[in-house]
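Chemist: Listed below, chain by chain, are the residues.
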Amino acid sequence: RKEVEQDPGPFNVPEGATVAFNCTYSNSASQSFFWYRQDCRKEPKLLMSVYSSGNEDGRFTAQLNRASQYISLLIRDSKLSDSATYLCVVNMAGTASKLTFGTGTRLQVTL
Amino acid sequence: EPEVTQTPSHQVTQMGQEVILRCVPISNHLYFYWYRQILGQKVEFLVSFYNNEISEKSEIFDDQFSVERPDGSNFTLKIRSTKLEDSAMYFCAKKAVDTQYFGPGTRLTVL
Numbered sequence: 331r332k333e334v335e336q337d338p339g340p341f342n343v344p345e346g347a348t349v350a351f352n353c354t355y356s357n358s359a360s361q362s363f364f365w366y367r368q369d370c371r372k373e374p375k376l377l378m379s380v381y382s383s384g385n386e387d388g389r390f391t392a393q394l395n396r397a398s399q400y401i402s403l404l405i406r407d408s409k410l411s412d413s414a415t416y417l418c419v420v421n422m423a424g425t426a427s428k429l430t431f432g433t434g435t436r437l438q439v440t441l
Numbered sequence: 002e003p004e005v006t007q008t009p010s011h012q013v014t015q016m017g018q019e020v021i022l023r024c025v026p027i028s029n030h031l032y033f034y035w036y037r038q039i040l041g042q043k044v045e046f047l048v049s050f051y052n053n054e055i056s057e058k059s060e061i062f063d064d065q066f067s068v069e070r071p072d073g074s075n076f077t078l079k080i081r082s083t084k085l086e087d088s089a090m091y092f093c094a095k096k097a098v099d100t101q102y103f104g105p106g107t108r109l110t111v112l
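So the protein sequences, as listed, match chains X and P. Just so we're aligned, residue 331 is where the first sequence starts under the numbering used here, counting upward by one. Just so we're aligned, residue 2 is where the second sequence starts under the numbering used here, counting upward by one.
Hints are computed from structural coordinates only; laboratory data are not their basis. Remember, it's a predicted structure, so these values are computed and weren't measured experimentally. The reader is advised that the hints may include incorrect statements.
[What the hints assert, rightly or not] To spell it out: a stretch of chain X is covered by chain P in this simulated footprint if at least three of its residues, at any positions, have a beta carbon under 8 Å from a beta carbon of chain P; those stretches are:
#1 369-380
#2 427-441
[Said to hold, decoys possible] Here are the simulated lysine-lysine pairs, DSS-like style, with alpha carbons at most 30 Å apart:
#3 Lys79(P) x Lys58(P)
#4 Lys84(P) x Lys409(X)
#5 Lys84(P) x Lys372(X)
#6 Lys96(P) x Lys58(P)
#7 Lys409(X) x Lys372(X)
#8 Lys43(P) x Lys84(P)
#9 Lys375(X) x Lys96(P)
#10 Lys58(P) x Lys43(P)
#11 Lys79(P) x Lys409(X)
#12 Lys79(P) x Lys375(X)
#13 Lys79(P) x Lys96(P)
#14 Lys96(P) x Lys43(P)
#15 Lys409(X) x Lys43(P)
#16 Lys84(P) x Lys375(X)
#17 Lys84(P) x Lys58(P)
#18 Lys79(P) x Lys43(P)
#19 Lys372(X) x Lys96(P)
#20 Lys79(P) x Lys372(X)
#21 Lys332(X) x Lys372(X)
#22 Lys58(P) x Lys375(X)
#23 Lys332(X) x Lys43(P)
#24 Lys43(P) x Lys375(X)
#25 Lys375(X) x Lys409(X)
#26 Lys58(P) x Lys409(X)
#27 Lys332(X) x Lys375(X)
#28 Lys372(X) x Lys43(P)
Just so it is clear, CB atoms sit at the ideal spot from N, CA and C, and this is done for glycine as well.
Isolated chain P, as found in the complex (with noise of 0.2 Å):
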């Protein structure tokens, strides 16, 4: 199954601080996921994006995050003042047949 990327694999930042988490599709498909896991914690989901929009959100994913796929390829999540409590694994997915595939992660790290 084609991979998928996501850059960076590591950001440290400060509280207060915008980051943007990159993930890259390596084929076009249409759905695709943003999970968060912190430390020692289960896989949590975030929000479900198809055909550009958002499709399902959690209540995790509160005003302080935005997604979008800005180029037709490239899929962003933005998290614009962060808290320490967003210190976190997060991965995207996107949708194969019956289930979904998982970046690499990138860890954000909020001091």
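Chain X with its partners taken away, still in its complex shape (with noise of 0.2 Å):
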């Protein structure tokens, strides 16, 4: 089993569309969990942590469900710069240590 497993897409969705990408992780212990987001041949930059109690940044929504080691991200109201990769990230030990990519599910949000 994959350390971190996304469907790759790709999600082409119009804008203003409700998307959401899901993402699981093998190993139960993990520690810390985010969502990065990757533009074509450029670095990852983080959209945003992933808590238990679910968070909310704008029109972004993470979700954590330990028990059944499942992560969510949801885009409302889709923008055309939303157009990116979307990658599942897992910290699996403390803080300090490696971070554990997904593939990434890649979203096209077209007019």
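Assembly of the complex is requested from the two constituent chains, each provided in isolation within its own frame, with the hints serving as guidance.
Modeler: Shown next, in the form of structure tokens:
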């Protein structure tokens, strides 16, 4: 089983749509969870951390279900500028340890 | 969050040659990381570096790779004898409070 698994997509959605991405991780002892965004041939950029209580940042909502080892990202009112690859990222040990990445889910928002 | 810079942005080299990739954090940090991303694949951890010593490394980080902080500021990744399969984006990252921030990357092309 992959350490961090995501549907690669692509997800093609019209502007204004709501889209949800899911991710599962294999290590139940994982400690920290994140969504990063990566534009083509650019570096990963932190979108948001993910907490068990769920958290929201503007149009973006992230959820964590530790029992199911499942992470989600919801994007409301999609913009053209949201087109990117969304990376599910897990830190399986302390905060200073390595990050483990999923392969990413590609989102294309169209007019 | 203060950024990380990397040089060069693109390096082309012949197979068997040595390359040195550089990372310059803007502020003083103790933790640094190198990751790589082969085109079309996920971001993979190579090595973490704490207080001038390697703290963790992956299976990818074999004897061909080395890291150092030669002048207390720049943080370098050296590949001694490059192979075709070393062609990838190489990202330097620095630790923040609970996650990592990535530099813009160096695209390494091995011919």
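Chemist: Now tell me, hint by hint, if it's right for this structure.
Modeler: Hint check:
1. Counting residues of the segment 369-380 of chain X whose CB lies closer than 8 Å to any CB of chain P gives 7, so the stated coverage by that chain holds, three being the minimum.
2. By the rule of at least three residues with a Cβ nearer than 8 Å to a Cβ of chain P, the coverage given for the segment 427-441 of chain X holds, with 8 such residues.
3. A threshold of 30 Å between alpha carbons decides the hint, and for lysine 79(P) with lysine 58(P) the separation of about 14 Å falls inside it, so the pair holds.
4. Distance check on the hinted pair: lysine 84(P) and lysine 409(X) sit about 41 Å apart at the alpha-carbon level, beyond 30 Å; violated.
5. Restraint check for lysine 84(P) and lysine 372(X): satisfied, since their Cα atoms lie roughly 23 Å apart, inside the 30 Å limit.
6. At most 30 Å may separate the alpha-carbon atoms for a hinted pair to count; lysine 96(P) and lysine 58(P) meet this at roughly 16 Å.
7. Distance restraint check for lysine 409(X) and lysine 372(X): the Cα-Cα separation of roughly 19 Å lies within the 30 Å cut-off, and the hinted pair is therefore satisfied.
8. With a CA separation close to 19 Å, the supplied pair lysine 43(P) and lysine 84(P) stays within the 30 Å bound.
9. Between the alpha carbons of lysine 375(X) and lysine 96(P) the distance comes to roughly 13 Å, so the proposed pair stays at or under 30 Å and holds.
10. The hinted pair formed by lysine 58(P) and lysine 43(P) meets the criterion: a straight-line CA distance of about 17 Å does not exceed 30 Å.
11. Distance check on the hinted pair: lysine 79(P) and lysine 409(X) sit about 41 Å apart at the alpha-carbon level, beyond 30 Å; violated.
12. Distance hint between lysine 79(P) and lysine 375(X) is fulfilled; the C-alpha atoms sit about 25 Å from each other, no more than 30 Å.
13. Proposed proximity of lysine 79(P) and lysine 96(P) is supported: the alpha carbons are some 21 Å apart, at most 30 Å.
14. The straight-line distance between the Cα atoms of lysine 96(P) and lysine 43(P) is roughly 20 Å, inside the 30 Å bound, and the hint therefore holds.
15. With a CA separation close to 25 Å, the supplied pair lysine 409(X) and lysine 43(P) stays within the 30 Å bound.
16. Distance check on the hinted pair: lysine 84(P) and lysine 375(X) sit about 29 Å apart at the alpha-carbon level, within 30 Å; holds.
17. Restraint check: the Cα-Cα separation between lysine 84(P) and lysine 58(P) comes to about 19 Å, which is no more than 30 Å; the hinted pair holds.
18. At roughly 21 Å between alpha-carbon atoms, lysine 79(P) and lysine 43(P) fall within 30 Å of each other, so this suggested pair holds.
19. Distance check on the hinted pair: lysine 372(X) and lysine 96(P) sit about 19 Å apart at the alpha-carbon level, within 30 Å; holds.
20. A threshold of 30 Å between alpha carbons decides the hint, and for lysine 79(P) with lysine 372(X) the separation of about 21 Å falls inside it, so the pair holds.
21. Between the alpha carbons of lysine 332(X) and lysine 372(X) the distance comes to roughly 24 Å, so the proposed pair stays at or under 30 Å and holds.
22. Distance restraint check for lysine 58(P) and lysine 375(X): the Cα-Cα separation of roughly 22 Å lies within the 30 Å cut-off, and the hinted pair is therefore satisfied.
23. Between the alpha carbons of lysine 332(X) and lysine 43(P) the distance comes to roughly 12 Å, so the proposed pair stays at or under 30 Å and holds.
24. For a cut-off of 30 Å, the pair hint linking lysine 43(P) to lysine 375(X) stands: about 14 Å separates their Cα positions.
25. Distance check on the hinted pair: lysine 375(X) and lysine 409(X) sit about 18 Å apart at the alpha-carbon level, within 30 Å; holds.
26. With a CA separation close to 39 Å, the supplied pair lysine 58(P) and lysine 409(X) exceeds the 30 Å bound.
27. Simply put, lysine 332(X) and lysine 375(X) have alpha-carbon atoms about 22 Å apart, close enough for the 30 Å limit, and the pair holds.
28. A C-alpha spacing of about 13 Å is found between lysine 372(X) and lysine 43(P), which places the hinted pair at or below 30 Å, so the restraint holds.
In terms of the numbered hints stated before, the structure departs from hints 4, 11 and 26, listed from lowest to highest.
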